[in-house]
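Asks: Single-letter residue listing:
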Amino acid sequence: MIKIKKEGKVTERQFSAIIINTILGVGILTLPREAVSFADNAGIISVILASLLSLINLLIIIRLGLKFPDKTIFEYLQILLGKISGKIISFFIICYWFVFTAFVIRTFSELIVTAVLPKTPIEVVIIIMLLLVAYLSHKDIQVLGRVNELYVFIVIIPILLLTILSFKRGHMIYVLPVFRGHSMVNILKSTGRSYFSFLGFEIVAIILPFITTKKLSIEYGIKGWLIPSILSVIVVIASISVFGVFELKNLVWPTFELIKSTQFFALIFERLEVAFIATWVIALFTTASNLLFGIAMGGAQILNLHKHKTLVLSLLPLLYLFALSPRNAYELFNLVDIVSIVGLILTTILPIILLILAEIRGKGGKAIDEESN
Amino acid sequence: MFWDKITGKKNIENIEEDKKEINKVGLEDSVRKNEEIIKDLIGESSDVVFRKFNLAKDEESPAMLIYIDGLTNTDILNLHIIKPLLSDLKEEDLTENSIEEQVDLITESIVTTHEIKLEKKMDKLITAALSGDSILLIEGLSQGFIIASKGWDARSISEPTTESVIRGPRDGFTENLRTNTSHIRRRLRDPGLRVKGVAVGERSKTDIAILYIEGVANPHIVDEIMNRIKSIKVDGVLESGYIEQFIEDSPFSPFPQLQHTERPDKAVGNLLEGKVAIVVDGTPFVLIAPAVFEQFYHSPEDYYNRTVIVSLLRVVRVIGLMISLALPALYIALTSFHFEMLPTVFALSIAGGRAQVPLPAYLEAFLMEGIIEILREASVHLPNVIGSTIGIVGGLILGTAAVDAGLVSPAMVIVVALTTIGSFTAPTYSVSNAIRILRFILMILASSFGLYGLVVGLIATSIHMASLKSFGIPYLTPYAPSRLEDLRDSIIRFPLWKMNFRPTLMRTKNSKREEAKEEGDKN
Chain A
47 MIKIKKEGKV TERQFSAIII NTILGVGILT LPREAVSFAD NAGIISVILA SLLSLINLLI
107 IIRLGLKFPD KTIFEYLQIL LGKISGKIIS FFIICYWFVF TAFVIRTFSE LIVTAVLPKT
167 PIEVVIIIML LLVAYLSHKD IQVLGRVNEL YVFIVIIPIL LLTILSFKRG HMIYVLPVFR
227 GHSMVNILKS TGRSYFSFLG FEIVAIILPF ITTKKLSIEY GIKGWLIPSI LSVIVVIASI
287 SVFGVFELKN LVWPTFELIK STQFFALIFE RLEVAFIATW VIALFTTASN LLFGIAMGGA
347 QILNLHKHKT LVLSLLPLLY LFALSPRNAY ELFNLVDIVS IVGLILTTIL PIILLILAEI
407 RGKGGKAIDE ESN
Chain B
879 MFWDKITGKK NIENIEEDKK EINKVGLEDS VRKNEEIIKD LIGESSDVVF RKFNLAKDEE
939 SPAMLIYIDG LTNTDILNLH IIKPLLSDLK EEDLTENSIE EQVDLITESI VTTHEIKLEK
999 KMDKLITAAL SGDSILLIEG LSQGFIIASK GWDARSISEP TTESVIRGPR DGFTENLRTN
1059 TSHIRRRLRD PGLRVKGVAV GERSKTDIAI LYIEGVANPH IVDEIMNRIK SIKVDGVLES
1119 GYIEQFIEDS PFSPFPQLQH TERPDKAVGN LLEGKVAIVV DGTPFVLIAP AVFEQFYHSP
1179 EDYYNRTVIV SLLRVVRVIG LMISLALPAL YIALTSFHFE MLPTVFALSI AGGRAQVPLP
1239 AYLEAFLMEG IIEILREASV HLPNVIGSTI GIVGGLILGT AAVDAGLVSP AMVIVVALTT
1299 IGSFTAPTYS VSNAIRILRF ILMILASSFG LYGLVVGLIA TSIHMASLKS FGIPYLTPYA
1359 PSRLEDLRDS IIRFPLWKMN FRPTLMRTKN SKREEAKEEG DKN
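Top line first, the protein sequences correspond to chains A and B. 47 is the number of the first residue of the first sequence in this note's numbering; add one for each residue after it. 879 is the number of the first residue of the second sequence in this note's numbering; add one for each residue after it.
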């Protein structure tokens, strides 16, 4: 197998930044609606539960990755499950990421076309985004880390600021009481739906072997999880407090509407949602390019290619077709729901099984020994 | 073939062949024969002087001094070479002594210049003569003396014209290599300061000095720079820009990857940070490598003024650069795509200004930015006498006449003015050039896709910058990869006593700034 030198390419801070930027994508734009979809006011609880679930899964993946400190998930899958079944599972993960990326790009393009550029064909918006994403993904992982690091605050600060400002118009009466006699089942259903906006953290499975100080990966992994989680909870509370649960269920882009209705004092720009979308292009683009990097890397490792670059450009047309495959936003959202269920199953069940397998068969320990020799 | 013509490969091969021929030539022991050889190699040039004289009064003992008129100091030639040779050398010295003893005599007690040495190879002799030294040939010796006699007219030290400061030293580098290195030595009495000399250019043989502080600069970077400079294949080096283009990492990037400065204080400051200065003979612009984007909006004055005001100035510079980068694109995006973003009153006044303008906003912007670029380019080449006239005419055309004629809106004039002024807030000229190019790309993107296009363009720019490297140093340090220690000298400049560590990005050998001094105290 072709060995790419992996040591010391991504700093810990960049590692956190990659997690934050991959999680923050389109999910948070629809999160308030998903959160209240079944659970009404208890949606806040659902979001917290979803974020905790994602934390557990994140920690399991990091734990698993630390057992194979110089291998990505696509490499240790083959060790744990054997060559052929490992490759099949790897292919499945890549397919999931692929569809996920395509739909993320499509969802955001829908938003751009509806909100900012009504006269521009969606195909053009998608193509531009794809070219930009490919430009980053075909670069080295160091560049990926740097770009993520550069943008992490530019993504977080505007949405945080605008959300906090929107509390001005919020009513606590919409938020409380959190429990209005909803069954646990409904809360869990909402949790499942909210989980979509936390997906993306599984990118650590491929970034982990590149991190400089492996010891700090758990600490910085938690840091990377914490920021999007806090942001999500704040956004959900703000949305509920401004719109109320019943209005929220009917909004297509609840977070976007929340920002749209916010007025920022002392700024020459009105209608800040355009500016917000402009910054959110960054959030989306980092999500998509990190995932595309993961896809290309995984594909290269399955196919024993030398560089991940070769795959990026060849995947672009396919990604374009996939992004265009849903006929309209409604169909898109339905498909996204399916993808998020697949993501939920994949990120929750697969790492646990793999970790147990590694523990039982003692494969991981051996891998570390081999490395130290 | 064609490619060879473009790249000039053939040319260099020819030069190398010529060089080999010269290398083969040795010296004869007769002055007349040597004269012929040299005349053959150097050709009949009016500024090459062959001064014949006879060392002994009666006997035939010819000697010859060869030098280039204009490159040599005639006082040295007259008083320290020719006069002692003719008056102090006695006849018996020549007749009684062997040729080796004569050589010793001449070097040790006759010629009174500070440097004299023997050389066997003809090509070295000729190079020495061409760089201003003089060659002394005597009968019976198949070697030649190289006597230091350099002295030519040079521009005196004057204030740098490109990087002016309000507070700070007024002296600048000149075209003379040695003056420039002495500028640095004078400010930096560190025994660790190394000045490595290289000659680059197959024909021009330009002297280049590479300066760094031993024990501070990262040796890998120094080696890399030395290697890159030594592997340059070019016939002539006329300015440090030649060197810059040959050794930079990404030649097609709009961003400069080496810094150039006319200011000795800036060069010394960078040397202390562990960087390497490259001084090229014949130009006042000294290169500093490696360079990161951060330092392109730093001015040497930043360290002479007080912390708070400097931090404010740096914020102003960054805003100026951003305005000059993105304001026209933002104007296009807002006026042609997102008019609703502007507050009503503001939108009305802009719409009112644009009511009579026949052009769409993007054409208007391209027109005005184009005119400004033409004016800017013209003003560089204009003779000083006409310069101010053109400034007034340009200002009138852009400011008043165009608006009165209804060709452009007043808002556009403000945008163009801000853009142009903004680009000059950067103390370094080269970075404002990079921004000039990118501005037009962003304008094209904004006129096609509005704010979305603008943001996509900015992201693409930042990806490009993140992937750039200057001698192994990522271009966007200390932001990405983030180095919290180095952020002390970024947009906010910490007080000098807080900046007691050298930038970590250079991976310097001793990172603490005061360390050298403390060690000295211990010793």
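Everything labelled a hint here was simulated from the structure, so no lab data went into it. Among these hints, one or two may not hold up.
As the list claims (entries may be wrong) - With a straight-line cut-off of 27 Å between C-alpha atoms, the simulated DSSO-like cross-links for lysine-lysine are:
no.	chain 1	residue 1	chain 2	residue 2
1	A	K260	A	K55
2	B	K1002	B	K1083
3	B	K1083	B	K935
4	A	K355	B	K1347
5	B	K999	B	K911
6	B	K935	B	K1002
7	B	K998	B	K917
8	B	K1111	B	K968
9	B	K1390	A	K55
10	B	K1347	A	K55
11	A	K353	B	K917
12	B	K968	B	K1108
13	A	K260	B	K1347
14	A	K353	A	K129
15	A	K214	A	K353
Quantities reported herein were computed from a predicted structural model and do not represent experimental measurements.
Asks: Against which earlier hints does the structure fall short, listed by number upward?
Replies: 3, 6, 8, 11, 12 and 15
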